Amino acid sequence: MNAPGLLSMNTAERAHHLAAAAARFPFLGRTTADELLALVRAEFSHAEALDDFVPYGGHFAKVLAVETILHVVSANTPAAGLQSLIRGLLLGAHNLCKTPSAGLPEIGEFRAALPAELTARVEIAGELPADWLARADALIVFGHDATIAHFRTLARPEQRFIAHGHRLSFGVVFDDPAHASAPLAARDASLFDQQGCLSPHVFYVAGDARGYAARLAEEMRAFQEREPRGKIALAEANAIRTRREDLAFRAAQGEPVTLWQSEASTAWTVVCDARPGFPRSPLNRFVFVKPLPTDFGAELREVRAHLSCAGFWPATLAHARTLAPLGVSRLCPLGQMQEPPWTWLQDGAPALAPLVRWVGTEGARE
Amino acid sequence: MNAVVAAYRELETRILAALREDLREAEFDALALAAHAFQKRWNTPYANFCAPRPTAMHWREIPAVPQSAFKTARLSVAPPGMISRTFRTSGTTGEGFGEHHFIDPRLYDAAMLAGWDWLDRRSAEAVILLTQESADAPHSSLAQMFSTLARERFGEFVFAVVNGGGVLDVERFRAAMKTCFSAKRPVALLGTALAFLHLSEQVGGECFDRLPGTLVLETGGYKGSGREVPKVELYRRIGGLFDLEPEDILNEYGMTELSSQFYTRGLGRPHEGPPWVRAVVIDPETGGETAVGETGVLRIFDLANLGSVLAVETQDLAVRRERGFELLGRAPAALPRGCSRAADERMRA
Chain A
1 MNAPGLLSMN
11 TAERAHHLAA
21 AAARFPFLGR
31 TTADELLALV
41 RAEFSHAEAL
51 DDFVPYGGHF
61 AKVLAVETIL
71 HVVSANTPAA
81 GLQSLIRGLL
91 LGAHNLCKTP
101 SAGLPEIGEF
111 RAALPAELTA
121 RVEIAGELPA
131 DWLARADALI
141 VFGHDATIAH
151 FRTLARPEQR
161 FIAHGHRLSF
171 GVVFDDPAHA
181 SAPLAARDAS
191 LFDQQGCLSP
201 HVFYVAGDAR
211 GYAARLAEEM
221 RAFQEREPRG
231 KIALAEANAI
241 RTRREDLAFR
251 AAQGEPVTLW
261 QSEASTAWTV
271 VCDARPGFPR
281 SPLNRFVFVK
291 PLPTDFGAEL
301 REVRAHLSCA
311 GFWPATLAHA
321 RTLAPLGVSR
331 LCPLGQMQEP
341 PWTWLQDGAP
351 ALAPLVRWVG
361 TEGARE
Chain B
1001 MNAVVAAYRE
1011 LETRILAALR
1021 EDLREAEFDA
1031 LALAAHAFQK
1041 RWNTPYANFC
1051 APRPTAMHWR
1061 EIPAVPQSAF
1071 KTARLSVAPP
1081 GMISRTFRTS
1091 GTTGEGFGEH
1101 HFIDPRLYDA
1111 AMLAGWDWLD
1121 RRSAEAVILL
1131 TQESADAPHS
1141 SLAQMFSTLA
1151 RERFGEFVFA
1161 VVNGGGVLDV
1171 ERFRAAMKTC
1181 FSAKRPVALL
1191 GTALAFLHLS
1201 EQVGGECFDR
1211 LPGTLVLETG
1221 GYKGSGREVP
1231 KVELYRRIGG
1241 LFDLEPEDIL
1251 NEYGMTELSS
1261 QFYTRGLGRP
1271 HEGPPWVRAV
1281 VIDPETGGET
1291 AVGETGVLRI
1301 FDLANLGSVL
1311 AVETQDLAVR
1321 RERGFELLGR
1331 APAALPRGCS
1341 RAADERMRA
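Chains as they are written, first to last, in the working numbering: chain A, 1 to 366; chain B, 1001 to 1349.
Each hint should be verified, as a subset may be incorrect.
Here are a few chain B residues that face chain A, going by a calculated C-beta distance under 10 Å [unchecked claim]:
1) P1054
2) T1055
3) A1064
4) P1066
5) Q1067
6) A1073
7) G1268
8) P1270
9) G1293
10) T1295
11) V1297
12) E1313
Source of the hints: derived by calculation from the structure; they are not laboratory data.
Small disclaimer: the values here were computed from a predicted structure and weren't measured.
Ideal placement from N, C-alpha and C gives every residue a C-beta, glycine not left out.
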């Protein structure tokens, strides 16, 4: 089956319907028609560029989206998959959504909330149908390196291929002697149970890192009381337990490690760890606090290729200039790490531009 | 005699006497608490670990070190100058290897042999080793275990078919099988799961003549090797090699960090250990013991681990059974490791 014919809706109408459906999913953050149109405007200079020719340099140009996009969505959080689908629909493309075999019900629920004309532009399958790869003009793949490598080998040379692999995020507290940002840091580390690529693994703190960690632990506890963590698999709980026990053993040997943790549960864990290197969290609300290193570049070198977002405090441009060269693609104030605007540059690139082709015309008049 | 060695020998004598089938719970508890007190006295990293924890009044309360602690610290009651043997974990995952130090292997060997006798597998009268011998792999606890078992229980009829470099010699294997058959000796075949997998791949569909009473003991899993053959399939392949039923195949569960072993036979049965070792299944969420039928992480209490730490928490998941535990294996989130892995790399070379 090929994509259905041209949509009767223009970009603004699609944005309106998409925003209405997205409102049912608070985890998507602020999603209004204006936000979505701002994304189109940011990438194509005109919000109407997908609908008609718009001025471009001294002449005119129009944006044509690819006809069909295959989204391969991962299981860790529904937000990334839904955002990808919303962008595909905003462009007016036909969308094939390969969800994890365990399912991702939010994708179907979102489709059901759309008007018929947009619903017809979304197909969903837990197992990849035989013809989907052939039908797709573009592949967007979320997942582990092995998943990405697998789909990369399946993609045809002319198919556009966009990969969103495993990413690591962190926070930086440059100047906060009163630890006022700790509730914001706890929020960033707790939302989505730390499953997303924007979830921080570690907070680097200038000054009293241990004091900050103690305060962060209080805030993690408070967040857990307000919004308990979701159920986790036994293997995930075991990963937390194993890590806690290993760190407790190291702490007992005098290594510069201190633990704060929930009692009789794995609900939250804060570790102040002064050893060098970027520690990877076992996730599910397990976060490290480290002293801000003098050579931040060396500290992050090993994970540089995988960095995504740095939340920072206070959020000044001077501090942003310090962080920008380290390998991250998004900087935001602490407390907002999980709520990227629709215009965020995921993995350091515009999201819509790789999915379109421009047509320019010179010398044409009405 | 040095004070630590004197204390060690006194406890060693008591534990050697306890390596028997009718060891009572109270006796196990008393020995475990005595060994624990000794380890807290002489094993400084372990004493540091225990310091903030309540004093154990029962063996179940003895603080268990995480398995990773054998990588982090030197967990021994004796200083380096008193150590005669050190076993190393395979360390093939890039995170370094763990070390288990022994003043001497007397208790280790005795516990292993007593465990074998407890298994009552006396039908075999010859042994073929599909692992390196301990002389070629002095830091391998598996090589020590199998070599000692071969020497002490099978005397003259021992055939090693893996060369010093760790490569399986199929011709030597064929010759050994033939010799055992001609001599009318049922054979015990000892090796890692990977070794049996390699053997089945290298001999194709060949089925070897064997006598009633022949048995296979496999161990080690496939951790980190990139290979993963379901146990049913492995047992089908082994069965095809020797015309054996799954009931004739034993699995040993042990690790470098311990001195005693757990065993199971065939498919779908729990592992059990001899009376001087206990396995407890811990709910990783709460840290408490699970109920029968529930899954958790294995914590082992091994009286024979006298020179290091007798309580070790593994990273392996298992279902608690009325007797013993059903092993599920390493949690996916944990780092892969395993002695079978180190051997596999050499066999492929």
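Structure-based check of all given hints:
Of the supplied interface hints, the one on B/P1054 is violated, with its beta-carbon coming no nearer than about 15 Å to a beta-carbon of chain A, more than 10 Å. Here the hint on B/T1055 is broken, as its CB sits about 16 Å from the closest CB of chain A, past 10 Å. Look at B/A1064: its Cβ gets to within about 8 Å of chain A, closer than 10 Å, so that hint holds up. Checking B/P1066 against chain A by beta carbon gives a least distance of about 4 Å; that is within 10 Å, so the hint holds.
Checking B/Q1067 against chain A by beta carbon gives a least distance of about 8 Å; that is within 10 Å, so the hint holds. Annotation: B/A1073 was flagged as interfacial toward chain A, and the flag holds, the nearest CB pair being 6 Å apart, inside 10 Å. Annotation: B/G1268 was flagged as interfacial toward chain A, and the flag is violated, the nearest CB pair being 20 Å apart, outside 10 Å. The interface hint given for B/P1270 is broken, as the beta carbon of that residue sits about 18 Å from the closest beta carbon of chain A, more than 10 Å.
Proximity of B/G1293 to chain A is violated relative to the hint, the smallest CB-CB distance being about 14 Å (cut-off 10 Å). With a least beta-carbon distance of about 6 Å to chain A, the hint placing B/T1295 at the interface is held under the 10 Å criterion. For the restraint placing B/V1297 at the interface with chain A, the shortest Cβ-Cβ distance is roughly 5 Å, inside the 10 Å limit, so the hint holds. The criterion of a C-beta within 10 Å of any C-beta in chain A is met by B/E1313, whose closest approach is roughly 6 Å, and the hint holds.
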